[in-house]
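Colleague: Fit chain B to the supplied structure of chain A, relying on the hints for placement.
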Amino acid sequence: MATEGQAHPISVYLKIWILLFVLSVFSYMVDFYQLQGWLRWSLILIFMFLKAGFIMAIFMHMVWERMALVVALLSPMVAVLVFIAIMGYESEYTQNSRDLFFDDGKPDKVWAVPHGAHKSDHNDGSHSTGEAH
Amino acid sequence: MNDTSSTSIKPLPDGMDGLTHDWASDQRAFKGVPWGKAMMWIFLLSDTFIFSIFLISYMTARWSTVVPWPNTSEVFSLTVAGVSVPLLLIAIMTFILITSSGTMAMAVRSGYQKKRKQTAILLLITAILGTSFVGMQAFEWTKLIMEGVRPWENPFGAPQFGSVFFMVTGFHGFHVSIGVLFLFINARKVWRGDYDTGKRGFFTWQKGRYEIVEALGLYWHFVDLVWVFIFAFFYLW
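Residue numbers (our numbering), protein chains in the order written: chain A, 1275 to 1407; chain B, 256 to 492.
To be clear, the hints were calculated from the coordinates, so they are not data collected in a lab. This one's a predicted model, so the numbers in the text were calculated from it and none came from an experiment. Careful: at least some of the hints might be erroneous.
Claimed, not checked - Here are the computed distance ranges between Cβ atoms for each label pair:
(1) Asp272/B to Val1352/A: 45 to 53 Å
(2) Ile1284/A to Trp446/B: 17 to 25 Å
(3) Phe1300/A to Thr275/B: 35 to 43 Å
(4) Leu267/B to Phe1323/A: 24 to 32 Å
(5) Ala284/B to Gly1362/A: 43 to 51 Å
(6) Gly1362/A to Ile305/B: 14 to 22 Å
(7) Ala1281/A to Val321/B: 54 to 62 Å
(8) Gln368/B to Trp1312/A: 45 to 53 Å
(9) Ala1281/A to Pro406/B: 19 to 27 Å
As the list claims (entries may be wrong) - Simulated crosslink set (PhoX-like; lysine-lysine; CA at most 25 Å straight-line):
(10) Lys369/B to Lys1289/A
(11) Lys370/B to Lys265/B
(12) Lys286/B to Lys265/B
(13) Lys444/B to Lys370/B
(14) Lys372/B to Lys1289/A
(15) Lys454/B to Lys444/B
(16) Lys454/B to Lys372/B
(17) Lys370/B to Lys462/B
(18) Lys370/B to Lys1289/A
Unchecked claim - Here are some chain B residues pointing at chain A (derived, C-beta under 10 Å):
(19) Thr303
(20) Val335
(21) Leu491
(22) Trp492
Where is the CB? At the ideal position from N, CA and C, for every residue including glycine.
So that you can see chain B by itself, here it is in the shape it has in the complex:
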């Protein structure tokens, strides 16, 4: 990638002037951003729309139904030592995802410091936390399916509850699973030193760089971000 500031003599303006300057220049609009990261952001923007549409369809179903919506506090409660704790599993899943977001942020940071082993270990921890999240979600799905929740009916209330639950959490869980897969792949690559030597990837054939860890980090934080909205609107509301 070429140096962007070499063509202009003056330093780049900031704020509104920076906005018009960057978009008006006949080069690339997103200055100081590796292309892979810019593309990841564009992808995440499109993904935002997908999850927005899911949550909006959930809102429409819930606001238009005349049958009472199931009480998620009770549906997702777990009985621990004879005491029913509301949303226990969901709370644990939330904390696991936030923890994994923290380790991911630190992996990005150590990646830019070229700390090979530290980055690989942090990526591995993130991947393991993500795996446990998916495992808990599988447990939750199993529990609800055993209790008779289906996409078309459920014993707790409005039938749309099942379809919304499986669609929204399923799509989110799929994102987590793909993220876990790429976390393991990247942890291996970092450990092997691909991003120090610039070894080309097996699929894209692009040179390995530590910027890739940041793009992966953006994806992982986005998965956490989506969970924040699902947790608020689907589980707590």
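Chain A extracted, bound-state conformation:
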């Protein structure tokens, strides 16, 4: 039992601790200086993954664990990534639908579907404005 413990020099923890502080300051600065667009998103993600990686690797001792445990814990994350991709696609579709049909009552936009096949059937009536809601 005595050999099963995780014993590491305290300097490792202190270094990671300081590093996490610095990375948190950096990610806070992203907001403080109001960086926008791709620069903002990529910086947020980089700092986030660095912080998460250091916490898992050092504080949670993952780099010192055997591969059987590491693989068992990290491989299910593929399912999470697949779910993110599915729901990203789904939300894109939902937003496009809402843009098309939840309009603020402008008929031309409501009926601006790519096919345009049923345009003449409905666009003459005034009720199309109300139908959008």
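Modeller: Relative to chain A, chain B alone:
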């Protein structure tokens, strides 16, 4: 727990060979890991899925809404001495949680060195830092509720903002609260010397061991880990 390496004469292989060897052997797969720690890891894996689903539902709500999402930089700003500082409270909460993670890591370390008092004090500091985190979150909730944020509406923009905020931060805050509770319980047990004498726990009736501190540490670091993702995706994005 039995010694795992006594049945095999050769030393355990590492890397890919180690992976197949460990899983193929008719014993336990997670060698050199106390069962409590392995179970904690499995629990944290399931918890990862819960928080992933929360954040994915947040992503779906935010990407599919046609109403502008509230500007979190302004919603969570605090006015200090007449100056509005964006995300000030959230930044302080982040630093407190990281600090508590550091003290927790050191508590695990002193636990394995059987330094009873040092471990108990570090656990106590971690618990107090965790309590202050929950306190700040309660303040933040109160502030937002006073400003009219509800799970179904808010004055800043997309109505889903409120439900996502209360659900995600509420579930995380609940995790922190449970962690604080167990930190206090374990600090008391360590201080009393339960993990030196092997005194049995009042609930599980398992013998007290310093490995328990590491399992608790894993939970606490996980809470910090989740906050890293919430901070990035909910507050900064």
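Colleague: Now, for every hint given, state plainly whether the structure supports it.
Modeller: Consistency of the hints with the structure:
no.	hint	result
1	Asp272/B to Val1352/A: 45 to 53 Å	violated, 23 Å
2	Ile1284/A to Trp446/B: 17 to 25 Å	holds, 21 Å
3	Phe1300/A to Thr275/B: 35 to 43 Å	holds, 40 Å
4	Leu267/B to Phe1323/A: 24 to 32 Å	holds, 31 Å
5	Ala284/B to Gly1362/A: 43 to 51 Å	violated, 34 Å
6	Gly1362/A to Ile305/B: 14 to 22 Å	holds, 19 Å
7	Ala1281/A to Val321/B: 54 to 62 Å	holds, 55 Å
8	Gln368/B to Trp1312/A: 45 to 53 Å	holds, 47 Å
9	Ala1281/A to Pro406/B: 19 to 27 Å	violated, 47 Å
10	Lys369/B to Lys1289/A	holds, 23 Å
11	Lys370/B to Lys265/B	violated, 34 Å
12	Lys286/B to Lys265/B	holds, 15 Å
13	Lys444/B to Lys370/B	holds, 13 Å
14	Lys372/B to Lys1289/A	holds, 24 Å
15	Lys454/B to Lys444/B	holds, 9 Å
16	Lys454/B to Lys372/B	holds, 17 Å
17	Lys370/B to Lys462/B	holds, 18 Å
18	Lys370/B to Lys1289/A	holds, 22 Å
19	Thr303	holds, 8 Å
20	Val335	violated, 14 Å
21	Leu491	holds, 5 Å
22	Trp492	holds, 6 Å
Figure legend: structure checked against the earlier numbered hints; hints not met, in rising order: 1, 5, 9, 11 and 20.
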